[in-house]
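Visitor: Residue numbers (our numbering), protein chains in the order written: chain A, 1 to 352; chain B, 1001 to 1373.
Derived from the structure by calculation, the hints contain no laboratory data.
Wrong hints could be hidden among the right ones.
Said to hold, decoys possible - A partial selection of chain A residues facing chain B, derived with a Cβ cut-off under 8 Å: (1) I52; (2) F81; (3) P99; (4) F102.
The C-beta atom is built at its ideal place from N, Cα and C for all residues, glycine as well.
What follows is the residue order along each chain.
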Amino acid sequence: MARIELTNLRKQWASAAAVAGVDLAIEDGAFIAVLGPSGCGKSTTLMMLAGIYSPTAGDIVFDGARVNDVEARDRNVGIVFQSYALYPNMSVLENVMFPLRFKKVERSEAERRARETAALVQIAPLLDRRPSQLSGGQQQRVALARALVKRPHLLLLDEPLSNLDASLRLSMRTEIRRIQRELGVTTILVTHDQIEATTMADRIVVMNAGRVEQVGTAKELYERPHTLFVATFVGSPPINLFDARAEAGTLRVHEANLSLSGAAGGAVVLGIRPESLRVESAGTPARVTAAEPMGREVLYTAQGPMGVVRFLEAGAEARHREGDSLLLAFSPQESLLFDKATGQRLEAHVSA
Amino acid sequence: MAADTFATVAGAAAEAGATSSAAAGARPDWPALARRARVKRAAGQSALLAFLLIVSLPIILPYFWMVVISFTARSGGVSTEVLWTTCAVVVPAVMIYIVVHLMAPSPRVRMVAGVLLLMTVGALLASLVGGQLHLANYRFLWRTNIIEEIRSKATAGGQFPSVWIAFRNSLLLAFSQTAIILTVASLAGYYISRFAFRGREAFLQGMLVLHAFPAMTLIIPIFLILHWVGLLDTMAGVILVLATIELPFYVFILKGFFDAVPWDIEMSAMTDGATRRQAFRLVVLPQIKVGLIAVAVFAFIRAWEEYIFVRTLLIENKNWVMSLYLFWVSDDIMGVDYGIVAAVSVFYVVPSLLLYVFCQKYLTQMTIGGIRG
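All chains, full assembly: derive it from the sequences and hints.
Guide: See the structure below:
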């Protein structure tokens, strides 16, 4: 269990910077998700934490001590890879006991601890098998047991669920969360799946192009995104974005004029989430061009003076058909404005 | 009786089905299609088997002949009578077995047929040629001066050595080859696969070029170098030369195997507390077991069958290896006693044959630069 700090962490490859200055503090026992598209530097950051890559610049601090030069094998970090990286030549028990081989633990004690950890992740009946005889979900549990058996300071999960099928992913999510709470181990989950990040982690770090865009809870990221990138990346179906011009109290979007409150000027981007738009008796006119039932709700695509807009309505059945004309309204608090040049969010709102 | 009736009824029904389908013009005639597919498959299989049989004859026949000669030839000449008699018995038996194999899918029938055929062949051979078999040609195994007995004088510098000296030298050469190549090629292959270093590309290309370059062209320089460093006519000299010439190829092969081992596994081992060396030994090496076995077998057999370099670099008869022993035997008594030459050849072939048989499982799993699925 450890408190982790990263200060101005950088990793420069020959051609480009994979990580371009990351500052982050993680409380002891916290569960953090690092969320970002592929190539944003999240896995590189993880590898630097594990000690496999050494940083080009910056510090990695475990419990107040700089560990940059400490070798991977001495960092006491447990890691679960996307591919699980089990050792195919060893049985499950040998796999789980492997990390204890290099510590001064007696064989009987090592086996006791391995069995205990196996019970925790519910693979006790599988201990004599080979990794090739296990299903994906079972391999995942073995990898987790192997990472946990040495009681790591820090548990790193590199896209651990992306190779599982949908229902297994759901159960492993709760399972991993349960185990993490039970052991109280500081955990960092790297993922590109926002559902995984929001459901499992206490706090989410959104990364893009080697930098941290925002750190916050799922609610903060969703309601008050700091940047256009965070607004686009978090939320499904994706946010509606409109290029707009702000001038003296009005916002011109395509053919529509909206009233603007707050400080904004020049080229901006207006963002409205599909679930913020409601069909009401007053609002922006729009004509439905497509209706897609998604189970509990229906996603509509409509054409209006602002351009193409998508909105959600609860209910399994579509209440509007293609060609229907309707009026769309949203509350000013739910409208997000971003500076087009910098991508930063502006303290301003619009209303129809 | 009941079965007969059933068959008739079924046949009638099938016929009725055929006519009605023809009338309807839409439903395909499934039984006829199935029959056609079966006939086609059987024909294809027989054609393939016949082809394989024919092309393997020129390969199998000389070896077979060699074995036959070694057990039948008597001093003075060699007759082909036993060979043809044996072939006349064995070839029809193989044909019959193939026919049985094609006709009967059940493994029990196949096995019974196989056992019966084996027994028939055994009995026929025993009665037809059994009287002509003898072991006298293998007397070189326990007598040393056999060539002197036949020719009164051997040309190969005095007395002929015991075959076991040559056998021991061959084993020494083959085992040290295997050991050197396994050690160096696995370490070098791993390094080239995993580490970036200046000149890596050039190094890889250089190795391939070295392999493409006929080593034979180096034979005079190598002879001179060994002479100057005092390793001419020593086993150590030959071992070093052969290892040097063979290594690039095996390094390249093992590099391919290491490439196929995922990095994750190694990284995982290192975060689990292993040093790089421990990760290599405990986690990476076991992954390429198949490659290591294949390389070991090839290196062993390559050294076992080596002729040109040992012929050039080993001179005294205490340093003979099996290929040299065979060469001198045939050089001295070819035309006088084929039986002994054939017997020595059989003795020379057996170890590599055994090795192939036992390691065949691994060799067939090997694909260059890949790993089994």
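Visitor: Would you mind marking each hint as holding or not holding in the structure?
Guide: Checked hints:
Hint status for A:I52 relative to chain B: holds, with the closest Cβ pair at about 5 Å, below 8 Å. The beta carbon of A:F81 is positioned within 8 Å of a beta carbon in chain B (closest approach about 5 Å), and the interface hint is therefore held. Annotation: A:P99 was flagged as interfacial toward chain B, and the flag holds, the nearest CB pair being 4 Å apart, inside 8 Å. Hint status for A:F102 relative to chain B: holds, with the closest Cβ pair at about 3 Å, below 8 Å.
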